[in-house]
Amino acid sequence: MQELSDDAVVDVLTDNGIGVLALSSPTGTAPYPIPVAFGYDPATDSLAFHLSESDDSQKHQYLSADATVGFTVYEETEPKSVWRSVVVTGELAEATYDEVEPALASLASNTQFAPNPVSWDDTSTTTPYELRIDDWYGREFRVG
Numbered sequence: 318m319q320e321l322s323d324d325a326v327v328d329v330l331t332d333n334g335i336g337v338l339a340l341s342s343p344t345g346t347a348p349y350p351i352p353v354a355f356g357y358d359p360a361t362d363s364l365a366f367h368l369s370e371s372d373d374s375q376k377h378q379y380l381s382a383d384a385t386v387g388f389t390v391y392e393e394t395e396p397k398s399v400w401r402s403v404v405v406t407g408e409l410a411e412a413t414y415d416e417v418e419p420a421l422a423s424l425a426s427n428t429q430f431a432p433n434p435v436s437w438d439d440t441s442t443t444t445p446y447e448l449r450i451d452d453w454y455g456r457e458f459r460v461g
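So the number in our numbering is just where the residue sits in the sequence shown, counting from 1, plus 317.
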């Protein structure tokens with residue numbers, strides 16, 4: 318296993334559109350990991366998400382208590398022989414669409430479906446969030 322350079326971390330974040338966001342528990346119990354679509358814009362160093370939420374959602378409760386999060390992206394770059402993963406930590410903050418527009422454009426191009434920013438259903442809406450990056454690291458694993 319080898320550590321990825323910052324440029325390789327940027328490549329993983331730029332080339333992918335789905336990852337796992339882990340929210341800190343408000344009660345000290347297990348974190349809440351959820352798969353999410355994301356976009357990353359290297360020019361602005363912006364990592365953005367559309368999160369659907371309602372005031373009584375578990376996601377909203379966790380974020381209201383502690384905005385410190387972890388985020389993981391992984392990929393298989395060569396079938397059955399090379400995998401790369403990136404872990405990003407920081408604070409997740411509500412943003413405006415203007416603030417994260419370049420990253421959301423990346424989200425739209427890297428995911429199989431782009432979330433509707435208006436509404437998912439009658440009880441929740443999507444809100445743009447930006448992960449304010451404190452730290453990141455990546456690893457590559459090769460078989461053989």
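What the hints contain is simulated information worked out from the structure, not anything from laboratory work.
Keep in mind the model is a prediction, meaning the values are calculated, not measured.
Treat the hints with care, since some could be wrong.
As the list claims (entries may be wrong) - DMTMM-like mimics (lysine to aspartate or glutamate), calculated; alpha carbons at most 25 Å apart, straight line:
1. Lys397 to Glu457
2. Lys397 to Asp452
3. Lys376 to Glu416
4. Lys376 to Glu457
5. Lys376 to Asp415
Unchecked claim - Label pairs and their in silico Cβ distance ranges:
6. Pro359 to Ala410: 31 to 41 Å
7. Tyr414 to Ile450: 13 to 23 Å
8. Pro343 to Ile450: 34 to 44 Å
9. Gly345 to Asp452: 18 to 28 Å
Using N, Cα and C, we set each Cβ at its ideal position, and we do this for glycine too.
Status of each hint after checking the structure:
1. Under the criterion of a C-alpha separation no larger than 25 Å, the hint pairing Lys397 with Glu457 is consistent with the structure, at around 13 Å.
2. The straight-line distance between the Cα atoms of Lys397 and Asp452 is roughly 29 Å, outside the 25 Å bound, and the hint therefore fails.
3. For the hint pairing Lys376 with Glu416, the CA-to-CA distance comes to about 22 Å; that is within 25 Å, so the pair holds.
4. A hinted pair counts as satisfied when its Cα atoms are at most 25 Å apart, and Lys376 with Glu457 does not qualify at roughly 30 Å.
5. With a CA separation close to 23 Å, the supplied pair Lys376 and Asp415 stays within the 25 Å bound.
6. Our hint of 31 to 41 Å for Pro359 and Ala410 is violated, since their Cβ atoms are close to 19 Å apart.
7. Hint check: Tyr414 to Ile450, Cβ distance near 20 Å, so the stated range 13 to 23 Å holds.
8. Range check, Pro343 to Ile450: Cβ separation about 23 Å, and the 34 to 44 Å hint is violated.
9. For Gly345 paired with Asp452, a C-beta distance near 22 Å keeps the hint of 18 to 28 Å intact.
Checked against the numbered hints above, the structure breaks hints 2, 4, 6, 8 and satisfies the rest.
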